[in-house]
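Novice: Below are the chains, spelled out letter by letter.
2 protein chains.
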Amino acid sequence: MTTIHPVILCGGSGTRLWPRSRADRPKPFLRLLDEKTLFEATLARCADPGMFAPPIVVAGAKHRRHVEEQGGDVDGLVLIVEPQGRNTAPAIALAAARLPADAVMMVCPSDHHIADTAAFRNAARQAATLAAADWLVSFGIAPTHPETGYGYIERGAAIAGGFEIARFVEKPDLDTARDFLSEGGFDWNGGIFAFRAGAFLNELAVHRPAMARAVERAVAEGEAQGEGVFCPSETSWSEIEGESVDYAVMENTARAAVVPVAMGWSDIGNWQALRDASERDAAGNVASENAELVDCVKVMAVSDGPRISCIGLSDIVVIVDGGEVLVTTASGAQRVGALKGTKEQ
Amino acid sequence: MTTIHPVILCGGSGTRLWPRSRADRPKPFLRLLDEKTLFEATLARCADPGMFAPPIVVAGAKHRRHVEEQGGDVDGLVLIVEPQGRNTAPAIALAAARLPADAVMMVCPSDHHIADTAAFRNAARQAATLAAADWLVSFGIAPTHPETGYGYIERGAAIAGGFEIARFVEKPDLDTARDFLSEGGFDWNGGIFAFRAGAFLNELAVHRPAMARAVERAVAEGEAQGEGVFCPSETSWSEIEGESVDYAVMENTARAAVVPVAMGWSDIGNWQALRDASERDAAGNVASENAELVDCVKVMAVSDGPRISCIGLSDIVVIVDGGEVLVTTASGAQRVGALKGTKEQ
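In order, the protein sequences belong to chains D and Z. Last residue of the first sequence: 345 (our numbering), numbering continuous. Last residue of the second sequence: 1345 (our numbering), numbering continuous.
Calculated directly from the structure, the hints in this document are not laboratory data. For clarity, every value in this text was computed on a predicted model and none was experimentally measured. Using N, Cα and C, we set each Cβ at its ideal position, and we do this for glycine too. Certain hints may be false.
If the Cβ cut is set under 10 Å, some of the chain D residues that face chain Z in the computed set are [stated by the list, open to error]:
1) Met1
2) Pro54
3) Thr235
4) Ser236
5) Ser303
6) Leu313
7) Arg335
8) Leu339
9) Thr342
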């Protein structure tokens, strides 16, 4: 079968899990759920040599240290260092430009949680087959609730191993999200993609020719730094206008396909999502060893040191980290970005 | 009019406002409500020389430092140092034994909040008049809600300036407390008393002769330490069996009277009570300068250093103090004593 080249994107500003995540301690590199960081778990998911080539990691300069620490023992790992963040389309184009045109690449965010690795790999196989046939494939995450924070993908005509994409839908309002769930045929756009490197670059050249040329130049003028590290030219890179792969390519190509998959996916987009993805006790609580919970339900209480003592709480998240104390309702966790603390990093 | 000798009791174990109050930082000596500690406010309430004699403070040895720090500039203050805590009856007897028999003393806990000083002083005048006529007088705090955590006093026959006490009622259940409120004629027993020193000692000799003798001995064998400090004999004191003034005297004497008073009283018995006694913003919140509240109502968030950030909370107390983090519902604040942290002091 087709060998898949994992392309792991490490971006993000690190405010949604504040105060645990910070500008200098971004989410992919934190031990949030178990002994592995989300980045390490992403590497492990793609670590089957019968199926995957060594990974390409695209990361910002300030994350290089974390990638080298946590990915240092992965055979053949290639790190591409982005001089600045330019969103996903240029980052993916960078990796594509460093691969043979016929290589099938699979783009994986580094900060998502996937509970069911087998389901992930099955979907990856299907997606790779479609990608080899020059489809630009998005993983369609089976929606579990009418989420208004994600984009949706509507399935079109069935093709072997998936569906054509009828349309992409921006973050919907709640009524629309509910309709999608009851109608069926809609999946979450989880930011996981598969395509032939050459097919992606061809589509980019058609729909975003300036970006395609700038990336090509940044790669041509770039330099390898030691074994397995590539740095594109900062001058050329800085001229690129940042854009998501959805806007730049997926919504424009006539060859977009979706592979629906239910794999226990979460983007761990806020503390509520982390609580829900964590192992919980009978009362639905998640607590670090230094937290005492009395008469609490659905509480997440995690501290990096000081003891947390909770009484009578329901559906509350308490995070103590780096001298900051966050207390929020689970639903309020989405608004962490509004706090002063997140802006002072 | 009769000069009143304030007798200020500093006892208590300091767990109910944990983690702010600790064994070595008891509640009377903390700045909880404003610039004055509860102890300082108690002194200030009795600081009118036209009405009050200099105060006698009865405090444990481990609180001596706090009394001297906070009461050091009060003219004529006398400190009586209890070798060990023996509850209120022996503490009051100590002060009574150091006063002339005809002195009218007024016993005030040092850790209560009284918003209306004028109402307090009016009641003190009434109580002093009754005490001079050999009544043993309890302040009857006007109840504001069916509290089950306090004892109640039922008014009997009216006398000039107050009422005879029909009976004392132990902490009632909620239905009984509700009945008391709807019936009327019941007040909270707030632990504020007035009596002639000699009258108190006479009643103690009748109802608790062993205690009366032991206190007398402890005083006779005691010694003055410098100006204004008296230490009873530790040997004799240690033989005393501790008992509350209610049990030892007030419930037994035939001369118990009550002076009802509404004076914005709170025993600041837990964090909820402190929140309710504090100045609050339009949303009912109380926050220290290092706390940020987003979409919160009726929240108390107070930190001794680390920033607290709250989102979407309602009726929650967040206290950060001395490396401990407490998060409780307002109603859960009563159960702070159940926490491990309060037992490790």
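Novice: Each hint needs a verdict: does it hold in this structure or not?
Specialist: Comparing the hints with the structure gives:
1. Look at Met1 (chain D): its Cβ only gets to about 48 Å from chain Z, farther than 10 Å, so that hint breaks.
2. The closest approach between the C-beta of Pro54 (chain D) and any C-beta of chain Z is roughly 41 Å, which is over the 10 Å cut-off, so the hint fails.
3. The beta carbon of Thr235 (chain D) comes no nearer than 40 Å to any beta carbon in chain Z, farther than 10 Å, and the hint placing it at the interface is violated.
4. For Ser236 (chain D), the suggested interface contact is broken, since its CB lies about 41 Å from the closest CB of chain Z, more than 10 Å.
5. At about 7 Å, the closest approach between the beta carbon of Ser303 (chain D) and any beta carbon in chain Z falls short of 10 Å, and the interface hint on this residue holds.
6. Hint status for Leu313 (chain D) relative to chain Z: holds, with the closest Cβ pair at about 6 Å, below 10 Å.
7. The closest approach between the C-beta of Arg335 (chain D) and any C-beta of chain Z is roughly 5 Å, which is under the 10 Å cut-off, so the hint is satisfied.
8. For Leu339 (chain D), the interface hint holds, the least distance from its beta-carbon to any beta-carbon of chain Z being 5 Å, beneath 10 Å.
9. Checking Thr342 (chain D) against chain Z by beta carbon gives a least distance of about 9 Å; that is within 10 Å, so the hint holds.
Of the numbered hints stated above, those contradicted by the structure are hints 1, 2, 3 and 4, listed in ascending order.
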